[in-house]
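Top line first, the protein sequences correspond to chains A and B. Residue numbers are given in this note's numbering: position 83 of the first sequence equals residue 83, and the series is strictly consecutive. Residue numbers are given in this note's numbering: position 192 of the second sequence equals residue 192, and the series is strictly consecutive.
All the pointers check out, no bait thrown in.
Keeping only pairs whose Cα atoms sit at most 27 angstroms apart, straight-line, the calculated DSS-like set for lysine-lysine is:
(1) K521/A with K110/B
(2) K488/A with K133/B
(3) K110/B with K513/A
(4) K523/A with K85/B
Hints are computed from structural coordinates only; laboratory data are not their basis. Keep in mind it's a predicted model, so treat the numbers as computed, not measured.
Each chain is listed here by its residues.
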Amino acid sequence: MSSLSQVVESVGNYNRFVSQQMTRARTQRKFARSLVQRWHKIKAQIETTESPTGTALPRLALPQTDEPGEVARYLFGEGLPGEFPFANAAYREMYLSSDKSEIRNPKSEIEEPTRLFAGLGLAEDTNARFHYLSKHQKSVRLSTAFDGPTLYGLDSDYEGVLGKVGEGGVAVDTVEDMERLYAGFDLTDKNSSVSMTINAPAPAILAMYVAAAKRRFGPRVVEQLRGTIQADILKEVQAQNEMIFPVEAALRFLTDMAEYTTQHMPRWYPISISGYHIAEAGATPVQQAAFTLSNGFAYVDMFKTRGMDVNQFGPRLSFFLDSGLDIEYLVLGRVCRRIWAIGMRDVFKADPRAQLLKLHTQTSGRSLIAAEFKNNLTRTAVELMMAYINSTNSCHSNSADEPFTTPTEEYVRLASHAQSIILEETGLFKQMMNVFGGSPGLQILERQVEQQILDVFTEIEQLGGVLPAMEQRYQRSQIQQAAHTYEKQINSGHRPVIGLNKYASEETMPSPKLERTLPVKQKAQVARLHAFKKKHAKKAAVALQRLENVCRSGGNVFAELLNAVEVCSLGQITTALQGCVGRFRPMV
Amino acid sequence: MNARRKPPLRILTAVPICDGHDSPIITINLELARHGVEVIYLGYNCPASAIARAAVQEDVHAIGISSYNGGHIAFFDEVVGCLHKYGGQRIPLFGGGGGTITPQDEAVMKRRGVDRIFFAGTPLQEIVSTVIKHYSRPLNRQRGLHGDRKMARAITVAESSKSELRSPKQAPNRKLQIVNRKSFVAGVTGPGGAGKSTLIDELVRRYLQQHPQGRVAVLANDPSHPDSGGAILGDRASMIYAQHDRVFMRSLATRGHLSGLSSATRAALEILKSSGEVDFIFVESVGIGQESDPFQLFGRRRRLVDASLLVMSPYYGGRIQLQKIGLLNGADFVAINKCDQPAAKTAKAEIAERLEANQRGQKLFGTIAARHGDPGVDALYAAIEEKANRQ
Numbered sequence: 001m002s003s004l005s006q007v008v009e010s011v012g013n014y015n016r017f018v019s020q021q022m023t024r025a026r027t028q029r030k031f032a033r034s035l036v037q038r039w040h041k042i043k044a045q046i047e048t049t050e051s052p053t054g055t056a057l058p059r060l061a062l063p064q065t066d067e068p069g070e071v072a073r074y075l076f077g078e079g080l081p082g083e084f085p086f087a088n089a090a091y092r093e094m095y096l097s098s099d100k101s102e103i104r105n106p107k108s109e110i111e112e113p114t115r116l117f118a119g120l121g122l123a124e125d126t127n128a129r130f131h132y133l134s135k136h137q138k139s140v141r142l143s144t145a146f147d148g149p150t151l152y153g154l155d156s157d158y159e160g161v162l163g164k165v166g167e168g169g170v171a172v173d174t175v176e177d178m179e180r181l182y183a184g185f186d187l188t189d190k191n192s193s194v195s196m197t198i199n200a201p202a203p204a205i206l207a208m209y210v211a212a213a214k215r216r217f218g219p220r221v222v223e224q225l226r227g228t229i230q231a232d233i234l235k236e237v238q239a240q241n242e243m244i245f246p247v248e249a250a251l252r253f254l255t256d257m258a259e260y261t262t263q264h265m266p267r268w269y270p271i272s273i274s275g276y277h278i279a280e281a282g283a284t285p286v287q288q289a290a291f292t293l294s295n296g297f298a299y300v301d302m303f304k305t306r307g308m309d310v311n312q313f314g315p316r317l318s319f320f321l322d323s324g325l326d327i328e329y330l331v332l333g334r335v336c337r338r339i340w341a342i343g344m345r346d347v348f349k350a351d352p353r354a355q356l357l358k359l360h361t362q363t364s365g366r367s368l369i370a371a372e373f374k375n376n377l378t379r380t381a382v383e384l385m386m387a388y389i390n391s392t393n394s395c396h397s398n399s400a401d402e403p404f405t406t407p408t409e410e411y412v413r414l415a416s417h418a419q420s421i422i423l424e425e426t427g428l429f430k431q432m433m434n435v436f437g438g439s440p441g442l443q444i445l446e447r448q449v450e451q452q453i454l455d456v457f458t459e460i461e462q463l464g465g466v467l468p469a470m471e472q473r474y475q476r477s478q479i480q481q482a483a484h485t486y487e488k489q490i491n492s493g494h495r496p497v498i499g500l501n502k503y504a505s506e507e508t509m510p511s512p513k514l515e516r517t518l519p520v521k522q523k524a525q526v527a528r529l530h531a532f533k534k535k536h537a538k539k540a541a542v543a544l545q546r547l548e549n550v551c552r553s554g555g556n557v558f559a560e561l562l563n564a565v566e567v568c569s570l571g572q573i574t575t576a577l578q579g580c581v582g583r584f585r586p587m588v
Numbered sequence: 001m002n003a004r005r006k007p008p009l010r011i012l013t014a015v016p017i018c019d020g021h022d023s024p025i026i027t028i029n030l031e032l033a034r035h036g037v038e039v040i041y042l043g044y045n046c047p048a049s050a051i052a053r054a055a056v057q058e059d060v061h062a063i064g065i066s067s068y069n070g071g072h073i074a075f076f077d078e079v080v081g082c083l084h085k086y087g088g089q090r091i092p093l094f095g096g097g098g099g100t101i102t103p104q105d106e107a108v109m110k111r112r113g114v115d116r117i118f119f120a121g122t123p124l125q126e127i128v129s130t131v132i133k134h135y136s137r138p139l140n141r142q143r144g145l146h147g148d149r150k151m152a153r154a155i156t157v158a159e160s161s162k163s164e165l166r167s168p169k170q171a172p173n174r175k176l177q178i179v180n181r182k183s184f185v186a187g188v189t190g191p192g193g194a195g196k197s198t199l200i201d202e203l204v205r206r207y208l209q210q211h212p213q214g215r216v217a218v219l220a221n222d223p224s225h226p227d228s229g230g231a232i233l234g235d236r237a238s239m240i241y242a243q244h245d246r247v248f249m250r251s252l253a254t255r256g257h258l259s260g261l262s263s264a265t266r267a268a269l270e271i272l273k274s275s276g277e278v279d280f281i282f283v284e285s286v287g288i289g290q291e292s293d294p295f296q297l298f299g300r301r302r303r304l305v306d307a308s309l310l311v312m313s314p315y316y317g318g319r320i321q322l323q324k325i326g327l328l329n330g331a332d333f334v335a336i337n338k339c340d341q342p343a344a345k346t347a348k349a350e351i352a353e354r355l356e357a358n359q360r361g362q363k364l365f366g367t368i369a370a371r372h373g374d375p376g377v378d379a380l381y382a383a384i385e386e387k388a389n390r391q
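The shape of chain B in the complex, shown without the other chains (with noise of 0.2 angstroms):
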């Protein structure tokens, strides 16, 4: 990918609280996409609240509403009074719903703040162009933001400076790595489809129960399309515990780079350490293969993390495989998940006997993340806090 390109728009998109309808965004976000657009997807049934956390913490150029079900003037009247809550009132809002927006309530809804309604037969490469021409404007260093403003708009900066994961001397924040070293970095890594981003959202929702005072951010990487730059950050979307007032995530997608991890990502790290406002963070690479090392685990770099989890699915294709998997070197915990699979039972015990082979007191977890309540997910929780407060 060309590094000199300029960093690309990000726009959050978002179906209203009780409308599924979601089709016609899905169609939106890949089109943007396909145009060089990092669009976060927070999915359906989203509620203003979420909407404007969400565009606050991923400090977006724009959010995009398509709401089908009705009710679109009260709907998008509270996502812009939550965006005044957040300290996100400066971002623009745009929306459709087929049919359903009319002329008329287009006008109450931008006197009240909306910035665009696109209607019914707008063809969809003009909404493309027509984002992409509006809402390009760079994000400035805002002075005077404050609490997750603050840190968004810090990591935008980081993931728009040239600063590179391997040269931490560039990273734009090294005055900021002084103050507090208390929050604990959780990297959690393993191959695509494996249930890292769901597992990761059930770890979150036994950190809230089990502490309520305490605050998590999660760092989830994606990849960014080679061709076109574009990126659909999905993750918050399946990550439904993850959607809350307690919790700071931030969607980066890897512009280019091959580690597994955003470039932005130490300097990110160090962003939220220093900001004294969380006090665990889990740090979710791409999907990874068999070289992969996103944390740095090996070799003379810092580690960029306090613990690390590998997750596998059942399916890695045969005892052999485990021995290229270097990963299975290097991680403190590994966890087996989608357990309930046939293929989990010879799965757990090769691998055992790979980590065994370690002698490194590596722990092997079972799991069924997307079982609530899981007890493997509890031992693991258990397990990772553990190492936590022992650090």
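Looking at chain A on its own, in the form it has when it is part of the complex (with noise of 0.2 angstroms):
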């Protein structure tokens, strides 16, 4: 039996025990004293506050009752917010205001969830624009998009990308753009987080920015950096198709290098793993969560395989989930960090912290549509609204303008303020905590939503596991098949979309200012990359010919690629690594 069908048994389990301890607390009346004397007691000592109108309010909201099978049913079934099984909050007190921070226990962590996914044209631009973002920031947080060459794992002298150069997200070539890319921040700051959206290529990347940091603030810096890395390499193989190298390897050049940083980055989230992709290409709310915690899991076995210690490299897992506007995802935060926390600690017997799903959202890019755009304003924050009901533990909102452009200066700061006015304008997450958690229409679709998740797991396991059932395709035409059913219903109209099958008014297409790269700068970037090449010419040569012999070898590729990104551009790195271990074949 593999681990996805012990998933499926020990959430049905805890399921089981949830009820048995509602009976039990409804049956035998010593249990139920104990249980409501602990229940008043975490009451008792949940602080006041108040509105600024003058209400009272409790900064942790609860069921407002004292029966005991209902008392049993919140506290095993979903737990406080920070306690097993985790259901309504990963921490805590996730966004509540620090005015009472003299008194807040020192030790509980509080969120700053903004995260303003950029990239363009190149590194000093991005730079830039890092720079605009963060200046209302307490922390700095970073969170970078790569252009199509980079995400390929491609020059920007490769033939035929010079249109791609800086579109979409920034240029990185070699180690010196990366060194431009966070200039100016202090990466060694233990509140500095840097998030890095990037797959196949993430090695080498990730190499890339250690040797930056490095040149920057000297070789002890390695243990302090702090930042997340995407590498899911499972979803890119089930939804964004940007692969460059056969499954097995690049999974390996994965282990390499989460083994590398579980060793060595002890800050480091060395994967992201992701269902926004999988959203974005088609999936439903349901399968996105299905095919995101299968993949997790089967990341698990993975590195148990290799023999890392879930304790160890279970705390540096990381999520990501798309919210959109279907009513799923008002629970699908909740219900994945409810069946993770069983899994990990029910089949991998992972101790608590490594329980915990931290949880990055973004709202959805397929959501917004083109025609009519200023409604992707609005669009995006009721997804906004409904990633925080989920407690996210960082969020990044859309600008409205992504349709056709890279994000303009202008929508990009809307939908950052979207995301102040929800969090420190309205009081609905800044006084209370848990305003909406228990409440019957989250219970419903919570239970609903996970029985629907545990019955994918089920058919991923009869299938015989995450990779075979992605050698089978199992998930891209799921997908498929979703983004099908999804276009059908937009046609038909069963689906409305404002502005576009619905009070669609004859408004011609907006021609709204662009961000675009332009050519010149396109074309400095292929010269600079052209003088870095020439410059370490010779030095290249022998580090690509160690870092094929260490692939060949079976040794760990990551910690080669530290010293081979000294004086090798990306594209060298992929063409040598390609040669001995091939290209990817696209299913289809």
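Using the hints, put the two chains back together into the complex; each one sits in its own frame.
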């Protein structure tokens, strides 16, 4: 029996355990008494606060009941925020205003959830955007988008990619670009966090990041670096299609990297297990959650097979989900946290730190449309609300102009402020924790969504597990089918899209400002790359040979990449590795 | 299928290099095929040169490119440039990219040779009907064509004539059956899903590595949809090493011909052989069943191929089933692909026994085509190469 069916079984067992506790609470007086006592104690400890208009509020909202069965359902079934099975939240006080910081438990974690994904033009352009975005932020929170050639491990001088250099993300060819990209930010600060959205070439890109940081802060910086690299190979194969090596080799390179960071970079998240791209490619919310979680469990299996300790790498796994407009999104994060916690605890015997699903959410890009595009502001606001109801640990909000351009400053600012308005201006999340958790609608949805996710797990299990199912194109075909249904629903009007198939005006296409990379910049990047290659030609040949040797002999490729990136470009590294392991063959 | 139906429209679709957004184009592919179009799908992350080369070799009526990652002006420019280079400058190019392509971009792109852009919000039906209406022009027997363009057009003519495999007398290219007999034809067949395309691609890769000058052709057959007459011909998307200037690849839809091959296959082989341009030809049949004999290994008709390879998966359903597969008597080579599957060991033993009973010196190989540099594929390639050298 593979771990996935064990997860299904353990969630079933846990649900039965919760029911038993409820029955016990209702039938055994002694148990009921101790439970209600504990409940009262918890309630008594909750601090109170006040809304700006003078309403007294507890900082944590709990069900208004003393009925022992219901108390058992809540405490065991959902858990207090920050307690197993973590349905309500990963931490006790997620976004609560820190006005009362002096009396708050100093250990409790406070989230600064806003992350704005940025990347455009050359490294110095993105660097400027980062400085613009972080002007009002307390901590450095940089989230990096790379351009197409970088995502495919190609250099900017590769035949036919010039037009894509710096489009939709930043162009990074060498360690020198990486130095420019984060210039001026203190990467050693314990609150700095850098995230990089890149997958197949992730090991080379992270190696460049480490090398660039070492150049600026010295060799001891490595263990201080804090951040996340996406590096989710499974979802690339299933949905996003940015693959460059055969699956087996790509997973090996990822494991090499995870092994290294677990040992040497204790503050680094070497993988962000992502449902976002699965959803954007067409998956339903349930499919998104099911494929993402099952991928997560597959990585745990893989890392364990490598001999890594689940309690060491477990806390360094993070998750990334989409938040769209369908109602299931109201509970997606909640349900995922619960399944993950139960699976990690009961199947993988992980300790509490490794049971916690840490969630990044992004609002849905697919839900945004070009027609009457300012409606996208409303769509994104609603999606943000749902992300926060799910107590996401961090969040990116899309810009309304994304259907036609890399976001321009005007709309990036609006997107960023949308988060501030919801978190800081409204009273929804800052005075009282858990405003919505436990509501009848959420409970119904949670049960339904959880069961559907487990059903998908069972289907995957019947195909032999995540990797065999993937070889049989199960996830891809499910996603494509869902995408097709979605399109049909829009075409038939069954799924209303305001401004497109409902209440559409005859307004012509908007011609807003576009953020495009100028050809002169693209050429400058190529010139810079050529200079780098020329300068290091001799050393690069030696470094690439060493890299190939390590790759062929089964050594840790990531450790060798840390040396190679000093003198080799991304494209040179990709070519050398492809020479050893072959190229990715797309599944159609 | 109605034999009098006029030849289907052939459209090449692709997503540009460094772009993996294939969901919209897959939806469009399905819709086009449902309306009787033969869609040759090149996949995502496609270089401009591969698109132009494929368009010429496939002799399509038009090319559709779905671009979502930006840089479309430069990319479409490059496709236009490559079409000139490969001699396909007359092939119209259309595209779309949701909201990423603006009306201002469209104006620039049209000036530079792009025929049409579909903007965000264009209903699927409208895209399909516009494509069918505007690109359904007959492809003439153009004179003065050279190289790939000439072979491609000759195959188009053979495909759209009434010629039948069974009656080679009517083949339109009899006159061409003259000069070059040196090209070796290997037929590859087997049940659907056994991994024929992947295996051929790996064989092509080995051929290209070992013959720095040689040129190879691939005729990839896929079934037409029995109702609409359309087809999605997607072999190019997964045959990554065959997207190469030294490979001439052509995707053929069976158009209702039920033998496992397009009725134009014999003619196409004659065209390729007599062109003097290719040294080695792979013909891939559609996925076949127990009674099939796509390469006419049995009976009195002239064999279509010089060597035949039957690709099987380890899951064929038991020893008795093997007795029903006639091709196990005729194939020169048998490959059990996906040899890493648990069932492979039994399959190898049972098939070996079955072949031994034939006493024809047929060779059996265990392969894992999906694995890079698989030694089983190396051995298979060496055996085919050896047979070709003896020819």
